[in-house]
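S.K.: From first to last, the protein sequence lines are chains A and B. Take the first sequence: its letters are residues 806 to 1251, numbered as in this note's numbering. Take the second sequence: its letters are residues 411 to 799, numbered as in this note's numbering.
Be aware that one or more of the hints could be misleading.
[Stated by the list, open to error] In silico lysine-lysine, DSBU-like type, Cα no more than 35 Å apart, as pairs:
{"#": "1", "chain 1": "A", "residue 1": "Lys882", "chain 2": "A", "residue 2": "Lys1113"}
{"#": "2", "chain 1": "A", "residue 1": "Lys813", "chain 2": "B", "residue 2": "Lys412"}
{"#": "3", "chain 1": "A", "residue 1": "Lys1113", "chain 2": "B", "residue 2": "Lys786"}
{"#": "4", "chain 1": "A", "residue 1": "Lys1037", "chain 2": "A", "residue 2": "Lys1186"}
{"#": "5", "chain 1": "A", "residue 1": "Lys1153", "chain 2": "A", "residue 2": "Lys813"}
{"#": "6", "chain 1": "B", "residue 1": "Lys786", "chain 2": "A", "residue 2": "Lys1148"}
{"#": "7", "chain 1": "A", "residue 1": "Lys900", "chain 2": "B", "residue 2": "Lys454"}
{"#": "8", "chain 1": "A", "residue 1": "Lys1097", "chain 2": "A", "residue 2": "Lys813"}
{"#": "9", "chain 1": "B", "residue 1": "Lys454", "chain 2": "A", "residue 2": "Lys853"}
{"#": "10", "chain 1": "B", "residue 1": "Lys454", "chain 2": "B", "residue 2": "Lys496"}
{"#": "11", "chain 1": "A", "residue 1": "Lys900", "chain 2": "A", "residue 2": "Lys1232"}
{"#": "12", "chain 1": "B", "residue 1": "Lys454", "chain 2": "A", "residue 2": "Lys830"}
{"#": "13", "chain 1": "A", "residue 1": "Lys826", "chain 2": "B", "residue 2": "Lys412"}
{"#": "14", "chain 1": "B", "residue 1": "Lys786", "chain 2": "A", "residue 2": "Lys1232"}
{"#": "15", "chain 1": "A", "residue 1": "Lys813", "chain 2": "A", "residue 2": "Lys830"}
{"#": "16", "chain 1": "B", "residue 1": "Lys735", "chain 2": "A", "residue 2": "Lys1232"}
{"#": "17", "chain 1": "A", "residue 1": "Lys903", "chain 2": "A", "residue 2": "Lys1148"}
{"#": "18", "chain 1": "A", "residue 1": "Lys1153", "chain 2": "A", "residue 2": "Lys868"}
{"#": "19", "chain 1": "B", "residue 1": "Lys701", "chain 2": "A", "residue 2": "Lys1153"}
{"#": "20", "chain 1": "A", "residue 1": "Lys1009", "chain 2": "A", "residue 2": "Lys900"}
Calculated from the structure, these hints are not laboratory results. Model, not experiment: these values are computed from the prediction.
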Amino acid sequence: MAETKRIKKGLNINLLGEAQKKIAKIEVSEFALKPTDFNGIFPRLLVKEGDQVKAGTSVFCDKYREQIRFSSPVSGKIEEIRRGDKRILLEVVIKDDKAGDYEDFGKTDIASADRGKIKENLLKSGVWPVIRQRPYNVIANPDDTPQAVFISGFDSAPLAPDYGFTLKDDLVDFQAGVNAMAKLTDGKVFIGVPATDHPLAGVKNAEITCFEGPHPAGNVGIQIHHIQPLNKGDLVWTVNPQDVVIIGRLFTQGRYNPSIAVAVTGSEIKEPQYYKVNKGALVSTLLSDELKNSGKRIISGNVLTGEKVSYSGYLGFYHNQVTVIPEGNYHEFFGWALPGFGKFSFSKAFFSWAHGTRKYRLDTNLHGGLRSYVMTGQYEKVLPMDILPMQLIKACLAEDIDLMEKLGIYEVDEEDFALVEFIDTSKTEIQSIIRKGIDLVRKEMS
Amino acid sequence: MKALRNYLDKIKPRFQEGGKLEKLHSTFDAFETFLFVPDKTTFKGSHIRDSIDLKRTMTVVLLALMPALLFGIWNVGYQHSLAFGKDAGFWQIAGFGLMKVLPIIVVSYVSGLAVEFIFAQYRKHEVNEGFLVSGMLIPLVMPPDIPLWMVAVSTVFAVILGKEAFGGTGMNVFNPALLARAFLFFAYPASMTGDTTWTAGLANGEGIADGYSGATPLSNAAAELVDKIPSVSDLFFGFIPGSIGETSKLAIIIGAVILILTGIGSWRIMLSGLLGGVTMTLIFNAFAANKYMTIDPLTQILMGSFLFGMVFMATDPVTAAQTNKGKWIYGFLAGFFAIMVRVFNPAYPEGTMLAILLMNTFAPLIDHYVIEANIKRRLKRANAVVKTK
C-alpha cells in the first residue's frame, strides 16, 4: 500500500460551476501555439504564414537550445503570426484543414529503446516541452539527467479537472508515458495520487504516494517537498498527467497527438463539462455565444494561476481547464464595513464563516487597495512547506539572491504561492514577485 | 448611494494629476475608498481575491476595542463620582465620562490622521489604515485628565518619529500608540504618574470624598500596601482608577476573544505573554523578598495594563516578531519583563509599556534567529544528501 502524506495547511475555495462528469467531442477550427506559455525560452520561427503543416511539424524552436521544438497540434495552414510590442511573438495561429495528416515518428518499443532514442523522439516530435524541470519550472534541458521525475496525479485547485475521470480510458498510454520517463532518469518516477480511489494508483514502474488535504496538496512542488525536498544543485523533472499520456502516444502511435480533456468550468458557464480537444484550441469554441461581449473574465487555467484570455483567445499549452467568472469592476458602498454574510474570506473577519461549505460565485474584484505588508502569520497557514513565505517574498523584492537561495527559492514555483496571494490582506502580486525572483536566480546561475 | 457615487465620479478628475486639487489626491482617495470599496480588478496572478483588506482588518481590531472603550468611558465617570462622593445615575456617570474621553479621541484621530494624510500625499501612496487602530489605542492608554494639547503633541511625535521616519505603516520599529504614551511619560511625568492623575478632577484637590486616595492598585503594590489592593473581582471587572481603557479585564478578554476568533490578533503572543507574566510572578513568589513579590499571579496579571498590553499592544503585527516561533519567544519575554520592571523599579509603576517597547526592539533579532534556524535546517538536509551519495 502506498504511503499517505497528510497536508494540513492550505485552503479549498469552493466555487460554483464544477464540471459534470461527461466528455463532449467538439470540432475546433483554429489552434494556436503561444511562446508566452513557456518560461524562459526565446522562440525562433520555422514556418511562415500560408505554410502547410501536419500534426507534429515544428513551428518554432528555442533560439538557444535548438533541439527544443514546438509542434503544430493539427494538420492545416499557418493562418497568422501575431506579434506584440517590440515584435515579440505572441501567437502562431493554425487553421485546421481536417485532413488529419501527421508526421510519422514511428512506433517505438520503449522497453528496448535506449535513453538517447527516447529523447530524440520526444525532441523532434515537439512533445519535449511538456517536460519541465525544478528548480525554476522551465522546460527541461535535454542534456540533463534528472534525479527523479514527479507527476502529480491530481489537481486540487478550484474547479480543477478530475484526472481520475479524464484518464480512466488512457491508462495504457499513461503507463507507456511513465515507462518512457523512467528511461530518462537514474532515479524513480513518483506519482502523487489523492487518498480516494484513483486509477493512477495502479500504475507500475513508479512509486505511488497518497496525498490527503486541501489545496495546494495537488501541486507537484508541494508533493516534491514532502517526498524528497530539493536542495541546491538538485534537479528533477515534472510532467502533467494528461501530458504523460501524450508522451505515451508518441511511442504507441508514433505521432504527436495532443488531445486532452479540458474542463470548462466557472459560475458563468451554463453547463460545465469536459471537452476533448487538442492543445491550443480556440477558447470561443468551448463557450456559448452570449459570453462574447459579456465582459466576463475568461481564464485559460484555474482562477488562481490561470491566464486571462479574450473570447477569441486560445488554450494555454499547460492548461487543462477554462474558467469563466464575473468581472468585479464595481464600487461597493461600505463594502469593508458590512457584516459580509456572502463574502468568501480565509479569515473569519466576515460572517460568511457561518455558512460552512457553501459554494461561491467569486468575481475579480481586488476587494481593497495595495498596502504595505502589515499582517503577519497568515501566509504560513496556506503554504504547506518548511519555508518562511514572508521572508522569501521580501528577499525576492530585495533581489537578494544569496538570501533567496538560503530561504528555499529552488523549492518553490509561483503556483505554490497562489493561495498566499489570494489571502494577502495587502493585495500585492506575490506570484509575479516570486516568478521574478526565480528568473533572477536562474539568470545568475546560468 | 447612486447619487453619492455619481457625485464622487464627477469631482474625481479635480483631484487627479493635473487637476486643481491635485495636492489633495491622497485625501480624496482615502475618503472615496472609505465610502466605496474600489472597483479595481485583478489582472495577473490570482484572478480572485479574498474579501479581506486592511480596512476590514483594522475595523475588526476597533470592534475588539469597543468593550474596553465603552467601559472606560463609564468608569471615568464612576471613579469621578466616587472621588467626589456624588450620587449620580448611570447616564450622568456615562455622560461625564463621554465628555472627558471623546475630546481625547477626537484630538488623537485628527492630529494623527493629519500627519498620515500629508505623508501619504508626499509619498504618492494611498493612506494606510494603520492609524485607525493607533488613534483609538492612544486615548485608551491615557489618563482621563490628560491635557488635550499633550495628546496632540504625543500623537504627532509618535506618528512622525515612530512611524513615518521609518517609511510609514508596516515599516515602524515601535508601536506608535505606546510610543505616544512613552513620550508623555518621560516628557510630562507630572501628568502621567502619581495618585491624582488617574481619576478625573482629582488633581484640583477640592471636594474630595474622605478616604478616596485615587491610588491605582499598582501604586499601592509598589508602596507595599498589599492589603490596599482591591479585590480580584474589582480588578477583573475594572471598578478601579487607571488609564481609560485598561481597567476592565472582562472587556479586554472580550476583545481578545474577537481578535483570536477572527484570526486577526496572534493568540501565540497573547498566550505566551500570559505565560511569561505568570512565570515571572512565580519566580518572585519563590523568593518573596518583599511584599510586592508575594502577590499571587492572578492579581499580578489583573493589575495595571498587563492584559491590555498583551492583547492589543504586543500583538501589533508590524512591531511584533513576524515568524510564528518568534512570536512565542517575543510574547513570553514581553510578559516576563512587564512583571519584572513593575516589581523591581519603583520609578515605573507599570512595566508593560516599557517591556513591550523593549521587545519591539528585539523582535527583528528574535526573527533573525528563527530565520537562521530555517536556513540551517535546509543546509543540514542538503549536506545529509551529499554524504549519502
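S.K.: Decide, hint by hint, whether the structure agrees.
M.R.: Evaluation of the provided hints:
1. With a CA separation close to 26 Å, the supplied pair Lys882/A and Lys1113/A stays within the 35 Å bound.
2. Note on Lys813/A and Lys412/B: the hinted pairing is violated, with a Cα-Cα distance of about 45 Å set against a maximum of 35 Å.
3. The straight-line distance between the Cα atoms of Lys1113/A and Lys786/B is roughly 40 Å, outside the 35 Å bound, and the hint therefore fails.
4. Among the hinted pairs, Lys1037/A with Lys1186/A is consistent with the structure: their alpha-carbon atoms are about 25 Å apart, no more than 35 Å.
5. The straight-line distance between the Cα atoms of Lys1153/A and Lys813/A is roughly 18 Å, inside the 35 Å bound, and the hint therefore holds.
6. For the given pair, Lys786/B sits about 41 Å from Lys1148/A by alpha-carbon distance, which is inconsistent with the 35 Å threshold.
7. A C-alpha spacing of about 29 Å is found between Lys900/A and Lys454/B, which places the hinted pair at or below 35 Å, so the restraint holds.
8. With a C-alpha separation of about 41 Å, the suggested pairing of Lys1097/A with Lys813/A is violated against the 35 Å cut-off.
9. Distance check on the hinted pair: Lys454/B and Lys853/A sit about 31 Å apart at the alpha-carbon level, within 35 Å; holds.
10. Simply put, Lys454/B and Lys496/B have alpha-carbon atoms about 65 Å apart, too far for the 35 Å limit, and the pair is violated.
11. A threshold of 35 Å between alpha carbons decides the hint, and for Lys900/A with Lys1232/A the separation of about 41 Å lies outside it, so the pair is violated.
12. The suggested pairing of Lys454/B with Lys830/A holds, with an alpha-carbon distance near 31 Å, which does not exceed 35 Å.
13. For the hint pairing Lys826/A with Lys412/B, the CA-to-CA distance comes to about 43 Å; that exceeds 35 Å, so the pair is violated.
14. Taking the CA atoms of Lys786/B and Lys1232/A, the gap is near 31 Å; set against the 35 Å cutoff, the hint holds.
15. Of the supplied pair hints, the one linking Lys813/A and Lys830/A is violated, its CA atoms being roughly 38 Å apart against a limit of 35 Å.
16. For the hint linking Lys735/B to Lys1232/A, the alpha-carbon distance of about 25 Å falls within 35 Å, and the restraint holds.
17. Note on Lys903/A and Lys1148/A: the hinted pairing is violated, with a Cα-Cα distance of about 47 Å set against a maximum of 35 Å.
18. At roughly 50 Å between alpha-carbon atoms, Lys1153/A and Lys868/A are farther apart than 35 Å, so this suggested pair is violated.
19. Restraint check: the Cα-Cα separation between Lys701/B and Lys1153/A comes to about 45 Å, which exceeds 35 Å; the hinted pair is violated.
20. Annotation: proposed proximity of Lys1009/A to Lys900/A is violated, straight-line Cα distance about 39 Å (limit 35 Å).
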